[in-house]
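First to last, the protein sequences are chains A and B. If you use full-length UniProt numbering, the first sequence corresponds to residues 1 to 215, in order. If you use full-length UniProt numbering, the second sequence corresponds to residues 1 to 469, in order.
The set of hints was computed from the structure by calculation and includes no laboratory data. Any given hint could be a false lead.
Said to hold, decoys possible - Pulled a few chain B residues facing chain A out of the computed Cβ check, cut under 7 Å:
#1 R233
#2 V267
#3 Q268
#4 A330
#5 F368
#6 N372
#7 N373
#8 R382
#9 A408
#10 L429
#11 L433
#12 Q436
As the list claims (entries may be wrong) - Okay, derived cross-link-like pairs now, DSSO-like style, lysine-lysine, Cα gap no bigger than 30 Å in a straight line:
#13 K299(B) <-> K41(A)
#14 K306(B) <-> K58(A)
#15 K306(B) <-> K173(B)
#16 K140(A) <-> K210(B)
#17 K95(A) <-> K244(B)
#18 K306(B) <-> K414(B)
#19 K58(A) <-> K179(A)
#20 K173(B) <-> K95(A)
#21 K145(B) <-> K41(A)
#22 K41(A) <-> K164(B)
#23 K210(B) <-> K244(B)
#24 K357(B) <-> K58(A)
#25 K179(A) <-> K306(B)
Glycine included, every Cβ here is placed at the ideal spot set by N, Cα and C.
What follows is each chain in one-letter form.
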Amino acid sequence: MSSKDDEYDYLFKVVLIGDSGVGKSNLLSRFTRNEFNLESKSTIGVEFATRSIQVDGKTIKAQIWDTAGQERYRAITAAYYRGAVGALLVYDIAKHLTYENVERWLRELRDHADQNIVIMLVGNKSDLRHLRAVLTEEAKAFAERNGLSFIETSALDSTNVDLAFQNILTEIYRIVSQKQIRDPPEGDTIRPQNVEPIDVKPTMNSDSVRKQCCQ
Amino acid sequence: MMEGDHDRNSFWKKNIKNVPGRPSPKREARSNSSSSKTKPQGSTSFQDFQASVSDAWDLEDDEFCTGLKNTKISKKVSQSAALNVLNTHRSSTETRKSSNENLSDTSTTQIIIPHAELVRISRIPGRPLQMHCANPPQEEDSESKLERFEVILANTLTLQDLCKLSWSGIPVKVRGITWRLLSGYLPTNLERRDGVLERKRQDYWTLVEKYYYAEHDEINRDIQHQISIDVPRMNPTIVLFQQKTVQIMFERILFIWSSRRPASGYVQGINDLVTPFFVVFLQEFIPDNKPFETFTIDKLSEEQRKIIEADSFWCLSKFVDGIQDNYIFAQIGIQKKVLQLEELIRRVDETLHKHLKQHNVSYLQFSFRWLNNLLTRELPLRCTIRLWDTYLSENDCFPTFQLYVCAAFLLYWKDDLMRQRDFQGLLLLLQNLPTQSWTSSQISLLVAEAYKLKVMFADAPNHLACNES
Numbered sequence: 001m002s003s004k005d006d007e008y009d010y011l012f013k014v015v016l017i018g019d020s021g022v023g024k025s026n027l028l029s030r031f032t033r034n035e036f037n038l039e040s041k042s043t044i045g046v047e048f049a050t051r052s053i054q055v056d057g058k059t060i061k062a063q064i065w066d067t068a069g070q071e072r073y074r075a076i077t078a079a080y081y082r083g084a085v086g087a088l089l090v091y092d093i094a095k096h097l098t099y100e101n102v103e104r105w106l107r108e109l110r111d112h113a114d115q116n117i118v119i120m121l122v123g124n125k126s127d128l129r130h131l132r133a134v135l136t137e138e139a140k141a142f143a144e145r146n147g148l149s150f151i152e153t154s155a156l157d158s159t160n161v162d163l164a165f166q167n168i169l170t171e172i173y174r175i176v177s178q179k180q181i182r183d184p185p186e187g188d189t190i191r192p193q194n195v196e197p198i199d200v201k202p203t204m205n206s207d208s209v210r211k212q213c214c215q
Numbered sequence: 001m002m003e004g005d006h007d008r009n010s011f012w013k014k015n016i017k018n019v020p021g022r023p024s025p026k027r028e029a030r031s032n033s034s035s036s037k038t039k040p041q042g043s044t045s046f047q048d049f050q051a052s053v054s055d056a057w058d059l060e061d062d063e064f065c066t067g068l069k070n071t072k073i074s075k076k077v078s079q080s081a082a083l084n085v086l087n088t089h090r091s092s093t094e095t096r097k098s099s100n101e102n103l104s105d106t107s108t109t110q111i112i113i114p115h116a117e118l119v120r121i122s123r124i125p126g127r128p129l130q131m132h133c134a135n136p137p138q139e140e141d142s143e144s145k146l147e148r149f150e151v152i153l154a155n156t157l158t159l160q161d162l163c164k165l166s167w168s169g170i171p172v173k174v175r176g177i178t179w180r181l182l183s184g185y186l187p188t189n190l191e192r193r194d195g196v197l198e199r200k201r202q203d204y205w206t207l208v209e210k211y212y213y214a215e216h217d218e219i220n221r222d223i224q225h226q227i228s229i230d231v232p233r234m235n236p237t238i239v240l241f242q243q244k245t246v247q248i249m250f251e252r253i254l255f256i257w258s259s260r261r262p263a264s265g266y267v268q269g270i271n272d273l274v275t276p277f278f279v280v281f282l283q284e285f286i287p288d289n290k291p292f293e294t295f296t297i298d299k300l301s302e303e304q305r306k307i308i309e310a311d312s313f314w315c316l317s318k319f320v321d322g323i324q325d326n327y328i329f330a331q332i333g334i335q336k337k338v339l340q341l342e343e344l345i346r347r348v349d350e351t352l353h354k355h356l357k358q359h360n361v362s363y364l365q366f367s368f369r370w371l372n373n374l375l376t377r378e379l380p381l382r383c384t385i386r387l388w389d390t391y392l393s394e395n396d397c398f399p400t401f402q403l404y405v406c407a408a409f410l411l412y413w414k415d416d417l418m419r420q421r422d423f424q425g426l427l428l429l430l431q432n433l434p435t436q437s438w439t440s441s442q443i444s445l446l447v448a449e450a451y452k453l454k455v456m457f458a459d460a461p462n463h464l465a466c467n468e469s
């Protein structure tokens with residue numbers, strides 16, 4: 001693409017996850033192309049888009065992977081979690097079930113993503129005020145309890161979409177720059193076909209019977 | 001990489017087994033477990049059909065395959081057959097320089113086979129039909145083609161003849177009936193057709209009564225929920241699919257299909273596979289060849305709509321049965337095919353392969369959707385329908401053939417891809433290939449290329465494999 005896009009200081013891989021139909025693809029198209037389709041086709045497997053933003057005078061290139069929401073695709077999509085430094089976990093504020101499933105998605109990330117991944121809980125479709133089924137306060141409290149940042153967005157009317165990405169990318173940038181770690185060159189983090197599951201067991205010395213629920 | 005090797009081996013073997021007219025091993029295995037329960041009437045129809053026609057392929061294929069396994073000449077046979085075909089192609093096209101160069105190496109060692117032998121080989125059933133390569137599919141005069149279809153369809157026919165004729169495209173007017181026949185849904189025996197159709201349509205509506213309108217357990221509720229999310233957003237740009245009547249028809253088809261296939265259930269993308277059948281059967285009722293895209297389905301009688309729905313269901317079922325491992329847990333069928341595609345491209349076009357690898361593009365990232373949705377997402381609907389003329393003509397070989405279509409599709413964009421300088425450019429292009437203006441002539445070229453690749457590589461695992469260790 002254009003040479004401008006080739007120049008960046010940091011490259012961050014971010015995944016979009018959450019139930020089917022919550023608006024992940026539209027958040028992505030709104031952020032990267034400023035487009036919205038009321039009836040956009042379901043995502044098959046994983047789709048990719050990118051956009052660069054400026055933070056502290058640095059160019060941060062976000063490589064965003066939009067994943068299929070359906071359970072059946074989990075084996076494929078989970079491969080893309082590796083190397084991701086950020087995740088937008090999206091639910092639909094008008095569908096309570098998609099909010100209830102947030103816990104399952106968190107578990108999914110714990111199992112497959114890097115331990116230090118920055119997670120932002122995103123309540124999308126905030127334009128559907130009259131259909132709201134998930135209270136902002138409730139979601140906010142949940143996010144705090146779980147150490148997630150939180151925002152409500154509307155891909156339809158653009159509310160907070162840029163801000164959501166800006167926030168998570170800035171947060172990642174702060175962490176990374178504090179650690180003084182230079183990001184690896186382009187693409188190095190994206191090799192889902194070579195993924196070997198890394199079994200990160202918690203270094204617990206006592207009985208961990210409760211772990212059984214996660215299988 | 002161990003796994004890759006393993007897959008590669010099984011791929012080549014699978015090709016030999018996968019011959020037209022012969023039920024795939026997968027299908028047999030499945031019928032033991034589930035289909036006897038899930039298909040009260042339907043499960044025997046393929047056997048019925050086999051018994052009802054004097055299909056010479058089966059016997060000869062079996063003979064051929066066992067022979068192939070046990071004799072040492074198998075490789076020579078396949079290579080020489082491939083060579084034969086290739087030579088024909090070479091005389092007409094000059095496009096594939098690198099393969100021709102490699103070919104000249106091998107031809108010196110293989111050319112000694114007597115002509116009579118070649119002729120015999122070329123007639124071996126299960127080989128890709130010689131006809132196709134001698135005359136790469138051309139846009140035949142539609143009038144005369146229609147006549148040929150009408151003659152063949154008016155009698156009890158052999159599927160082989162129909163496949164030959166259909167491979168290069170089917171006229172709209174006879175596409176519906178031809179697809180039913182090619183799917184193995186409609187018997188080739190003329191006298192049995194009406195009876196079978198009536199019974200199967202009845203069966204479908206019995207299933208709908210029994211399952212769709214019944215109380216759903218949790219699994220079925222999940223299926224229905226997912227379907228209801230996906231159907232309204234299937235083809236947002238086509239008016240036909242925004243009609244509530246159409247959406248309900250799709251929901252029923254998908255629900256019945258999914259709830260009876262516990263191993264896969266509903267998988268996003270299956271909805272796109274119903275679409276071509278639906279449109280083709282709908283077109284049978286649209287007068288004056290008017291565009292289906294804007295047709296109002298409520299103009300049809302209930303009887304007509306019921307036919308479209310039931311026939312779409314049965315043909316989808318037959319069609320997807322051959323690729324069910326695409327949709328089971330972990331989608332291993334697709335993962336396997338992605339590896340095969342990569343292997344194939346590496347051998348056919350190392351430059352392109354290296355270019356993709358150099359920029360860290362993995363085949364899974366772009367070809368997963370191609371395979372999961374059989375290219376329906378990459379092509380305009382009318383092109384998909386034309387492509388399926390060929391898929392359905394490939395019969396049980398279709399799952400393999402589809403791989404070659406994907407390879408040909410990727411190679412088609414080589415120049416554009418080579419111009420991309422980074423990962424991002426490559427992937428964005430691969431996800432949004434500009435096929436909007438494609439017509440059936442591009443599809444004809446695509447399947448001809450795929451056919452060429454298949455002939456060169458399917459039965460010749462070492463062909464062009466110069467860098468093998």
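Right, here's what the structure says about each hint:
Restraint check, R233(B) versus chain A: the minimum CB separation of about 4 Å is within 7 Å; hint holds. At its closest, the beta carbon of V267(B) sits 5 Å from a beta carbon of chain A; the interface hint therefore holds under the 7 Å criterion. Below 7 Å, beta-carbon pairs count as interface contacts, and Q268(B) has one with chain A at about 5 Å; its hint therefore holds. At its closest, the beta carbon of A330(B) sits 4 Å from a beta carbon of chain A; the interface hint therefore holds under the 7 Å criterion.
The interface hint given for F368(B) holds, since its Cβ lies 4 Å from the closest Cβ of chain A, which is under the 7 Å cut-off. For N372(B), the shortest C-beta to C-beta distance to chain A is roughly 5 Å, which falls under 7 Å, so the interface hint holds. For N373(B), the shortest C-beta to C-beta distance to chain A is roughly 6 Å, which falls under 7 Å, so the interface hint holds. With a cut of 7 Å, the hint placing R382(B) at the interface with chain A is violated, because the nearest CB-to-CB distance is about 17 Å.
Interface restraint check: A408(B) against chain A, minimum CB-CB distance 21 Å, threshold 7 Å, status violated. Restraint check, L429(B) versus chain A: the minimum CB separation of about 9 Å is more than 7 Å; hint violated. Hint on L433(B) is violated. Least Cβ distance to chain A is approximately 13 Å, over the 7 Å limit. A hinted interface residue such as Q436(B) counts as satisfied when its beta carbon comes closer than 7 Å to some beta carbon of chain A; here the least separation is about 15 Å, so the hint is violated.
Pair hint K299(B) plus K41(A) holds up; C-alpha atoms about 27 Å apart against a cutoff of 30 Å. Of the supplied pair hints, the one linking K306(B) and K58(A) is violated, its CA atoms being roughly 61 Å apart against a limit of 30 Å. Restraint check: the Cα-Cα separation between K306(B) and K173(B) comes to about 20 Å, which is no more than 30 Å; the hinted pair holds. The hinted pair formed by K140(A) and K210(B) fails the criterion: a straight-line CA distance of about 45 Å is larger than 30 Å.
Between K95(A) and K244(B), the direct Cα distance comes to roughly 22 Å. Compliance with the 30 Å bound is thereby established for this hinted pair. Between K306(B) and K414(B), the direct Cα distance comes to roughly 45 Å. Violation of the 30 Å bound is thereby established for this hinted pair. Annotation: proposed proximity of K58(A) to K179(A) holds, straight-line Cα distance about 16 Å (limit 30 Å). Proposed proximity of K173(B) and K95(A) is contradicted: the alpha carbons are some 46 Å apart, above 30 Å.
Distance check on the hinted pair: K145(B) and K41(A) sit about 36 Å apart at the alpha-carbon level, beyond 30 Å; violated. Restraint check for K41(A) and K164(B): not satisfied, since their Cα atoms lie roughly 35 Å apart, outside the 30 Å limit. Proposed proximity of K210(B) and K244(B) is supported: the alpha carbons are some 22 Å apart, at most 30 Å. In summary, the hint linking K357(B) to K58(A) is supported, as the alpha carbons are separated by about 29 Å, within the 30 Å threshold.
A C-alpha spacing of about 65 Å is found between K179(A) and K306(B), which places the hinted pair above 30 Å, so the restraint is violated.
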